[in-house]
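Peer 1: Residue-level listing of the chains:
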Amino acid sequence: GAVVSQHPSWVICKSGTSVKIECRSLDFQATTMFWYRQFPKQSLMLMATSNEGSKATYEQGVEKDKFLINHASLTLSTLTVTSAHPEDSSFYICSARSGARGTEAFFGQGTRLTVV
Amino acid sequence: QKEVEQDPGPLSVPEGAIVSLNCTYSNSAFQYFMWYRQYSRKGPELLMYTYSSGNKEDGRFTAQVDKSSKYISLFIRDSQPSDSATYLCAMQGNTPLVFGKGTRLSVIA
Numbered sequence: 011g012a013v014v015s016q017h018p019s020w021v022i023c024k025s026g027t028s029v030k031i032e033c034r035s036l037d038f039q040a041t042t043m044f045w046y047r048q049f050p051k052q053s054l055m056l057m058a059t060s061n062e063g064s065k066a067t068y069e070q071g072v073e074k075d076k077f078l079i080n081h082a083s084l085t086l087s088t089l090t091v092t093s094a095h096p097e098d099s100s101f102y103i104c105s106a107r108s109g110a111r112g113t114e115a116f117f118g119q120g121t122r123l124t125v126v
Numbered sequence: 012q013k014e015v016e017q018d019p020g021p022l023s024v025p026e027g028a029i030v031s032l033n034c035t036y037s038n039s040a041f042q043y044f045m046w047y048r049q050y051s052r053k054g055p056e057l058l059m060y061t062y063s064s065g066n067k068e069d070g071r072f073t074a075q076v077d078k079s080s081k082y083i084s085l086f087i088r089d090s091q092p093s094d095s096a097t098y099l100c101a102m103q104g105n106t107p108l109v110f111g112k113g114t115r116l117s118v119i120a
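Keeping their order, the protein sequence lines are chains G and U. Counting along the first sequence from 1, when you hit position 56 you're at 66 in our numbering, and nothing is skipped either side. Counting along the second sequence from 1, when you hit position 102 you're at 113 in our numbering, and nothing is skipped either side.
Chain G on its own, in the form it takes in the complex (with noise of 0.2 Å):
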């Protein structure tokens, strides 16, 4: 399968500061990267869909001021979590598409972000 690339692959910060996590398809084009948080033993909750080019598509709750979003590339998009706090942390897991609706979405190794 695809190769999504995430980076880091856990972060500790201090609270109030901004963390920016790193999502890369290795070996294909990504015209679409969503962005999920998963709380333990719970599924993912997606937090937002980006498409190359344009804004992120923020789902209901989510603050877009907040988590930044930025997909300047079809191969990198990004996530900044801003002016952090102790119940942002969270497992932040990205996945990359490569074409249509319906193709297969593979996923980054995730990145536990713990905030204090």
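Hints are supplied without guarantee of correctness; some may be wrong.
[To be verified] Once the Cα atoms are required to be at most 27 Å apart in a straight line, the calculated DSS-like pairs of lysine-lysine come out as:
id : chain 1 : residue 1 : chain 2 : residue 2
1  : U       : K112      : G       : K24
2  : U       : K53       : G       : K51
3  : U       : K112      : U       : K78
4  : G       : K74       : G       : K30
5  : U       : K53       : G       : K30
6  : G       : K74       : U       : K112
7  : G       : K65       : G       : K30
8  : G       : K74       : U       : K67
9  : U       : K13       : G       : K51
10 : U       : K112      : G       : K76
11 : G       : K76       : G       : K51
12 : G       : K51       : U       : K112
13 : U       : K81       : G       : K51
14 : G       : K74       : U       : K53
15 : G       : K51       : G       : K24
16 : U       : K112      : U       : K81
17 : G       : K74       : G       : K51
18 : U       : K53       : G       : K76
19 : G       : K30       : G       : K76
20 : U       : K81       : U       : K67
21 : G       : K76       : G       : K65
[Said to hold, decoys possible] Derived DEER-like restraints, expressed as beta-carbon distance ranges:
id : chain 1 : residue 1 : chain 2 : residue 2 : range
22 : U       : E56       : G       : P18       : 15 to 25 Å
23 : U       : E26       : G       : S64       : 46 to 56 Å
24 : G       : N80       : U       : G27       : 42 to 52 Å
25 : U       : Y82       : G       : S25       : 43 to 53 Å
26 : G       : V13       : U       : R71       : 17 to 27 Å
27 : U       : A120      : G       : S15       : 28 to 38 Å
28 : U       : Y50       : G       : E114      : 16 to 26 Å
[As the list claims (entries may be wrong)] Partial list, derived from the structure: chain U residues whose beta carbon lies under 7 Å from chain G:
id : residue
29 : Y50
30 : K53
31 : G54
32 : L57
33 : Y60
34 : K112
35 : G113
Since the hints were derived computationally from the structure, they do not count as laboratory data. Glycine included, C-beta positions come from ideal geometry on N, C-alpha and C.
Dock chain U against the given chain G, drawing on the hints supplied.
Peer 2: Same frame as chain G, but now just chain U:
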């Protein structure tokens, strides 16, 4: 009723057993059905991908989709301790992927 229902388990089986994992759904627009395996603190890994109804086999894994019953299954034959993970079903129509909660599976040697 949630769009996708999946028993979270945990499910514990002896090595070599046949494992059956299931999801039900309510949205008849779903056409694409996936099963993902997720190890602890890792991203989901795509196991099986099926379009519409029918069966698909890949090694020890078989995915079944019954759209008339809105029911999908994943069977694991000759289960191994390395199969111990959380298995998530996911499906899609004209919306982004919708995931089940995941079933935690433990295969005991």
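Peer 1: With reference to the structure, classify each hint as holding or not holding.
Peer 2: Checked hints:
no.: 1; hint: U/K112 / G/K24; in the structure: violated (31 Å)
no.: 2; hint: U/K53 / G/K51; in the structure: holds (13 Å)
no.: 3; hint: U/K112 / U/K78; in the structure: holds (20 Å)
no.: 4; hint: G/K74 / G/K30; in the structure: holds (14 Å)
no.: 5; hint: U/K53 / G/K30; in the structure: holds (19 Å)
no.: 6; hint: G/K74 / U/K112; in the structure: holds (25 Å)
no.: 7; hint: G/K65 / G/K30; in the structure: holds (17 Å)
no.: 8; hint: G/K74 / U/K67; in the structure: violated (39 Å)
no.: 9; hint: U/K13 / G/K51; in the structure: holds (17 Å)
no.: 10; hint: U/K112 / G/K76; in the structure: holds (26 Å)
no.: 11; hint: G/K76 / G/K51; in the structure: holds (24 Å)
no.: 12; hint: G/K51 / U/K112; in the structure: holds (8 Å)
no.: 13; hint: U/K81 / G/K51; in the structure: holds (25 Å)
no.: 14; hint: G/K74 / U/K53; in the structure: holds (25 Å)
no.: 15; hint: G/K51 / G/K24; in the structure: holds (25 Å)
no.: 16; hint: U/K112 / U/K81; in the structure: holds (17 Å)
no.: 17; hint: G/K74 / G/K51; in the structure: holds (25 Å)
no.: 18; hint: U/K53 / G/K76; in the structure: holds (24 Å)
no.: 19; hint: G/K30 / G/K76; in the structure: holds (12 Å)
no.: 20; hint: U/K81 / U/K67; in the structure: holds (17 Å)
no.: 21; hint: G/K76 / G/K65; in the structure: holds (15 Å)
no.: 22; hint: U/E56 / G/P18: 15 to 25 Å; in the structure: holds (20 Å)
no.: 23; hint: U/E26 / G/S64: 46 to 56 Å; in the structure: holds (49 Å)
no.: 24; hint: G/N80 / U/G27: 42 to 52 Å; in the structure: holds (48 Å)
no.: 25; hint: U/Y82 / G/S25: 43 to 53 Å; in the structure: holds (45 Å)
no.: 26; hint: G/V13 / U/R71: 17 to 27 Å; in the structure: holds (23 Å)
no.: 27; hint: U/A120 / G/S15: 28 to 38 Å; in the structure: holds (33 Å)
no.: 28; hint: U/Y50 / G/E114: 16 to 26 Å; in the structure: holds (19 Å)
no.: 29; hint: Y50; in the structure: violated (10 Å)
no.: 30; hint: K53; in the structure: holds (6 Å)
no.: 31; hint: G54; in the structure: holds (4 Å)
no.: 32; hint: L57; in the structure: holds (6 Å)
no.: 33; hint: Y60; in the structure: holds (5 Å)
no.: 34; hint: K112; in the structure: holds (4 Å)
no.: 35; hint: G113; in the structure: holds (6 Å)
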